[in-house]
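*Asks:* Taken in sequence, the protein lines are chains R and W. One point on numbering: in the numbering used here, the residue at position 128 of the first sequence is 128, and numbering is uninterrupted. One point on numbering: in the numbering used here, the residue at position 34 of the second sequence is 1034, and numbering is uninterrupted.
Some clues are possibly wrong.
[What the hints assert, rightly or not] Restricting the straight-line Cα-Cα distance to at most 20 Å, the calculated cross-link-like pairs of lysine to aspartate or glutamate (EDC-like) are:
| # | chain 1 | residue 1 | chain 2 | residue 2 |
| --- | --- | --- | --- | --- |
| 1 | R | Lys54 | W | Asp1275 |
| 2 | R | Lys385 | R | Glu42 |
| 3 | R | Lys35 | W | Glu1216 |
| 4 | W | Lys1146 | W | Glu1166 |
| 5 | R | Lys12 | W | Glu1065 |
| 6 | W | Lys1012 | R | Glu42 |
| 7 | W | Lys1035 | R | Asp279 |
| 8 | R | Lys138 | R | Asp122 |
| 9 | W | Lys1035 | R | Glu185 |
| 10 | R | Lys318 | R | Asp228 |
| 11 | R | Lys35 | W | Asp1053 |
| 12 | W | Lys1054 | W | Glu1065 |
| 13 | W | Lys1499 | W | Glu1331 |
| 14 | W | Lys1277 | R | Asp250 |
| 15 | W | Lys1035 | R | Asp327 |
| 16 | W | Lys1054 | R | Glu42 |
| 17 | W | Lys1054 | R | Glu38 |
| 18 | R | Lys12 | W | Glu1038 |
| 19 | R | Lys277 | W | Glu1216 |
| 20 | W | Lys1012 | R | Glu38 |
| 21 | R | Lys79 | R | Asp90 |
| 22 | R | Lys176 | R | Glu42 |
[To be verified] Which residues of chain R face chain W? A few of them, derived with a C-beta cut under 7 Å, are:
| # | residue |
| --- | --- |
| 23 | Leu16 |
| 24 | Glu19 |
| 25 | Glu34 |
| 26 | Lys35 |
| 27 | Tyr39 |
| 28 | Ala41 |
| 29 | Met43 |
| 30 | Gly49 |
| 31 | Ala51 |
| 32 | Asn170 |
| 33 | Ser223 |
| 34 | Arg226 |
| 35 | Asn239 |
| 36 | Asp242 |
| 37 | Arg489 |
| 38 | Phe493 |
Keep in mind that the hints were calculated from the coordinates and are not lab data. Note that the structure is predicted; figures quoted are calculated from it, not measured. In this text, a Cβ means the ideal position worked out from N, Cα and C, and glycines have one as well.
Protein chains: 2
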Amino acid sequence: MSQEQEFLAYLKEIALLNEAVGLAEWDSQTGMPEKGAEYRAEMSSYLAGIAFDKSTNETMRKYMEYFSDHPEELSDFGKQVFKKTKENYDLNNNIPADRFQEFSRLLSNAHSVWVTAREKQDFSIFEPILTDIIAMTKEFIPLWRKNEATDYDVLLNQYEPGITVEVLDNVFDQVKEGIMSIRKELEEKGTAPNTDFINRTVPKEIQKEFVTQVVEQLGYDFSRGRLDDTVHPFMLNLNRNDARITTRWDDNDFIMATLGVIHEAGHGMYEQNVDAKFDYTPLAGGTSMGIHESQSLFNEIIVGGSQAFWYKQFELLKQLTGDTFADISTEDFYKGLKLTQPSLVRIESDSLTYPLHIIIRYEIEKMLFNGDLEVKDLPKVWNDKYEEYLGIRPENDTEGVLQDVHWSGGSFGYFPSYALGYMYAAQLYHAMNQDINVEEVLASDDYSSIREWLTERIHQYGSSKKPNELIVGATGEELNPQYLIDYMRDLYFNVYDVKA
Amino acid sequence: MSQEQEFLAYLKEIALLNEAVGLAEWDSQTGMPEKGAEYRAEMSSYLAGIAFDKSTNETMRKYMEYFSDHPEELSDFGKQVFKKTKENYDLNNNIPADRFQEFSRLLSNAHSVWVTAREKQDFSIFEPILTDIIAMTKEFIPLWRKNEATDYDVLLNQYEPGITVEVLDNVFDQVKEGIMSIRKELEEKGTAPNTDFINRTVPKEIQKEFVTQVVEQLGYDFSRGRLDDTVHPFMLNLNRNDARITTRWDDNDFIMATLGVIHEAGHGMYEQNVDAKFDYTPLAGGTSMGIHESQSLFNEIIVGGSQAFWYKQFELLKQLTGDTFADISTEDFYKGLKLTQPSLVRIESDSLTYPLHIIIRYEIEKMLFNGDLEVKDLPKVWNDKYEEYLGIRPENDTEGVLQDVHWSGGSFGYFPSYALGYMYAAQLYHAMNQDINVEEVLASDDYSSIREWLTERIHQYGSSKKPNELIVGATGEELNPQYLIDYMRDLYFNVYDVKA
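Between the sequences and the hints, there should be enough to build the whole structure, so can you do that?
*Replies:* In structure tokens form, the structure reads like this:
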């Protein structure tokens, strides 16, 4: 075996261990017997431990050194794999092992503290441990730093390589202004749609039959995936032929699971269509949080917000639900799905106000790492921003600053990915429309050209290209938030009957 | 850490790897996306390979040598664990690695050859590879041998330590004679029960609700297990708190899944109640095939064949099935479940003729290894024995000698476990009745005393006691087939209205 072959075989071992950890995680969320939890933790941490050890040990260090010194021994493919592996290696190895373990311990406590604080609606319970998490993150930033301009840029870079505070400040200002102006016009000149029907009962089994047909049409392949029930929906890919999705159901809120499954199917379709040549390497799988979210949000918001799509799918829904929606016109049905209303809770918000929730979190995280916001002042700053941007103010910390799990997991710099994904999705939609008439396709019986367009430009590359490279390749330009603003204006002006 | 602690930590790693392999196997049978199969094989064989390597490598060899030389360094618990580990080690290591690999390759081909032969109803397709499997097994027997009297004893000993040809020859003669005599009396003096109702439609969901309640009452703990659908039913324990069972369903054969789930729940209850102190050692889990089968057959045949049990559970079944069985009396229902009829196929046979199927296989295996039966003569010998013992003759090899998967997997000496389990179950039932009135308990709302009796005498010990030790401890005597014969006579004379 050549050195490269040995290196790839070694990476495959790590990938197989991670696959086993993934299966264990999926199982523990979908139906592991409740009392198996402690034993499961032993197994998962053992396997994850071996994978982590192999990713950071002497053998891996030698590969990193050897190929840094002998790049000529690598094929082009080997070079791609080595580059990504080295990035991951540097991220893992720059933190001293004892500090990393300390951080892991802190995080595993933080989750239950956060849960308690939520129950008690009291941020002061969460404040001390959050302070520690932020302090340790600040300790690590210089160790992770390559050449990022600010501390917060270092964190952003971990989730969305290439995205900077400088870019986001500009982009988010535009988006914020755009949304505020759309909201103002809707309020002054628009007519809110009727949403009477939205809580009518659709039994879970019917919802499942409906959305299963829908996501199959969109291109989610059930012979290489499956749909299960969980408290928190997710997509988890064991490999490209086994990308599983989950959802939660509510008989009186059919649209929640419907859009939820369409969203997760977008993640799944991304993973299912990565080129098989990347199997068992760090290049298998989506390239960043933002690009992944662009695929799920393309499904959920662009497709799931399309009039042509619903004009078609409402027929199927009516076939499956008997008289439930017999008195609702197709137009009323579609428009009712797109009501916009300020919400205190991010995950309950609509597709117009959603980016404001992200921008609030971005501004606060930036202040925490690049400015001088103290942890104790978080609730007040949070509430003030909600009042300023959305016109509503949380009455307690649980519906305010304590609502998201992310910070208890040490994930700072992650939130912007959601908004980036949304902007990418709108930009991809614009570019796709240059090649195919998307609304026409969504009105037809064959959606395959949409999935193929995305596979050709995004999916197939796995992690072998950076987000910016993919977006420029697919759309001909860098991230441009104007597409999102235009998209939202057109959509909501239509729904609210506002003449532009 | 002491040497013993290090040794136990090492065994724990092997156990955790095997647990991951188990989960992967469960998943692949219960709902893995079909196209994930190839990737799954990679993962499973990688993890199983590490586990096997750790079980046979230099580190393990050193532990084996060290504690053989320094038994005084082991605690009593450590001695138990070491003894079992050493047994497994010797079994694995006495075969040269290259021959073992060759054997594995042979077996993995044999399965598909067997499937083809079944499809074509032609034993001659299977004959060459079966000849090779038997030849290699004969090659290994001297390497496995400790002090067994005959070649076939070596094989028996792997599945049911302590059981010999000498014992089985006697025991099976008694059982064969007992069954033949019962069958004769039933034929001459008995009245076969009415089974009209047996194929009435009970939808899968109702069957599931029914049998779930039943096995919960029997003591299968769903907070430490779960029930799924598979083509071939099984129990698979990842650990004592995660012992999963599966079944297949047929809307027009409710008794199949009902008794199937009750059977698998018996295996599951065994695993759920092994003492936690054996966790992560080779002593966690049932001690032998025969004892395991004694627990599943106690549930399926003894409990599931009890009049008191059905007098109670038929009420529940009627509650759940509306009018389906309204015209059937409780007595007719019970008796209808216990029709006996000679069958060509082992897994479709009833609880009276079942042991004859096993005895036929035992006699044939013994001839193959201790006598001079040639593989090519198998179909004729098989068919002759069916005609002699059961009065029916297979019309083709698929309903004859090709019906079982076992030989294609190299499992010779395994079949007797099924009959041993049945005899143990009847003997345990007899002993249990000295302490508690089992029929009275089965007529009541609280079955816990039955499960507790079995846990105290069988379950808790895991693999720390040999089969014979358990049976003597629980019943006060060695294996005695008379209990089974008496049990069958009483039961079938009652069902067939034969005056004794």
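*Asks:* All hints, please: hold or fail.
*Replies:* Against the structure, the hints come out as follows:
Between R/Lys54 and W/Asp1275 the alpha-carbon distance is near 35 Å, which puts this suggested pair outside the 20 Å criterion. For the given pair, R/Lys385 sits about 43 Å from R/Glu42 by alpha-carbon distance, which is inconsistent with the 20 Å threshold. Between the alpha carbons of R/Lys35 and W/Glu1216 the distance comes to roughly 16 Å, so the proposed pair stays at or under 20 Å and holds. For the given pair, W/Lys1146 sits about 17 Å from W/Glu1166 by alpha-carbon distance, which is consistent with the 20 Å threshold.
A threshold of 20 Å between alpha carbons decides the hint, and for R/Lys12 with W/Glu1065 the separation of about 34 Å lies outside it, so the pair is violated. Restraint check for W/Lys1012 and R/Glu42: satisfied, since their Cα atoms lie roughly 10 Å apart, inside the 20 Å limit. Between W/Lys1035 and R/Asp279, the direct Cα distance comes to roughly 15 Å. Compliance with the 20 Å bound is thereby established for this hinted pair. Our distance criterion of 20 Å between C-alpha atoms is broken by R/Lys138 and R/Asp122, whose separation comes to about 25 Å.
Distance hint between W/Lys1035 and R/Glu185 is unfulfilled; the C-alpha atoms sit about 51 Å from each other, more than 20 Å. Of the supplied pair hints, the one linking R/Lys318 and R/Asp228 is violated, its CA atoms being roughly 24 Å apart against a limit of 20 Å. Note on R/Lys35 and W/Asp1053: the hinted pairing is violated, with a Cα-Cα distance of about 30 Å set against a maximum of 20 Å. Annotation: proposed proximity of W/Lys1054 to W/Glu1065 holds, straight-line Cα distance about 15 Å (limit 20 Å).
Proposed proximity of W/Lys1499 and W/Glu1331 is supported: the alpha carbons are some 17 Å apart, at most 20 Å. Distance restraint check for W/Lys1277 and R/Asp250: the Cα-Cα separation of roughly 43 Å exceeds the 20 Å cut-off, and the hinted pair is therefore not satisfied. Distance check on the hinted pair: W/Lys1035 and R/Asp327 sit about 43 Å apart at the alpha-carbon level, beyond 20 Å; violated. The straight-line distance between the Cα atoms of W/Lys1054 and R/Glu42 is roughly 18 Å, inside the 20 Å bound, and the hint therefore holds.
Note on W/Lys1054 and R/Glu38: the hinted pairing is violated, with a Cα-Cα distance of about 24 Å set against a maximum of 20 Å. For the hint pairing R/Lys12 with W/Glu1038, the CA-to-CA distance comes to about 15 Å; that is within 20 Å, so the pair holds. Under the criterion of a C-alpha separation no larger than 20 Å, the hint pairing R/Lys277 with W/Glu1216 is inconsistent with the structure, at around 49 Å. Proposed proximity of W/Lys1012 and R/Glu38 is supported: the alpha carbons are some 15 Å apart, at most 20 Å.
With a C-alpha separation of about 16 Å, the suggested pair R/Lys79 and R/Asp90 falls inside the 20 Å cut-off, and the hint holds. In summary, the hint linking R/Lys176 to R/Glu42 is not supported, as the alpha carbons are separated by about 46 Å, beyond the 20 Å threshold. Satisfaction of the interface hint for R/Leu16 is found here, the shortest Cβ-Cβ separation to chain W being roughly 5 Å, below the 7 Å cut-off. For R/Glu19, the interface hint holds, the least distance from its beta-carbon to any beta-carbon of chain W being 5 Å, beneath 7 Å.
Residue-level restraint check for R/Glu34 holds (minimum Cβ-Cβ distance to chain W is 5 Å; threshold 7 Å). For the restraint placing R/Lys35 at the interface with chain W, the shortest Cβ-Cβ distance is roughly 4 Å, inside the 7 Å limit, so the hint holds. At about 4 Å, the closest approach between the beta carbon of R/Tyr39 and any beta carbon in chain W falls short of 7 Å, and the interface hint on this residue holds. Taken as an interface hint, R/Ala41 does not check out: its beta carbon lies about 11 Å from the nearest beta carbon of chain W, beyond 7 Å.
Checking R/Met43 against chain W: minimum C-beta separation of about 5 Å stays under 7 Å; hint holds. The beta carbon of R/Gly49 comes no nearer than 10 Å to any beta carbon in chain W, farther than 7 Å, and the hint placing it at the interface is violated. Hint status for R/Ala51: violated, given a least beta-carbon distance of 12 Å to chain W, over 7 Å. Violation of the interface hint for R/Asn170 is found here, the shortest Cβ-Cβ separation to chain W being roughly 43 Å, above the 7 Å cut-off.
With its C-beta approaching chain W no nearer than about 5 Å, R/Ser223 sits inside the 7 Å limit, and its interface hint holds. About 6 Å separates the beta-carbon of R/Arg226 from the nearest beta-carbon of chain W, less than 7 Å, and the hint is met. Given the 7 Å rule on beta carbons, the hint for R/Asn239 holds: about 4 Å separates it from the nearest Cβ of chain W. For R/Asp242, the shortest C-beta to C-beta distance to chain W is roughly 4 Å, which falls under 7 Å, so the interface hint holds.
Restraint check, R/Arg489 versus chain W: the minimum CB separation of about 41 Å is more than 7 Å; hint violated. The closest approach between the C-beta of R/Phe493 and any C-beta of chain W is roughly 42 Å, which is over the 7 Å cut-off, so the hint fails.
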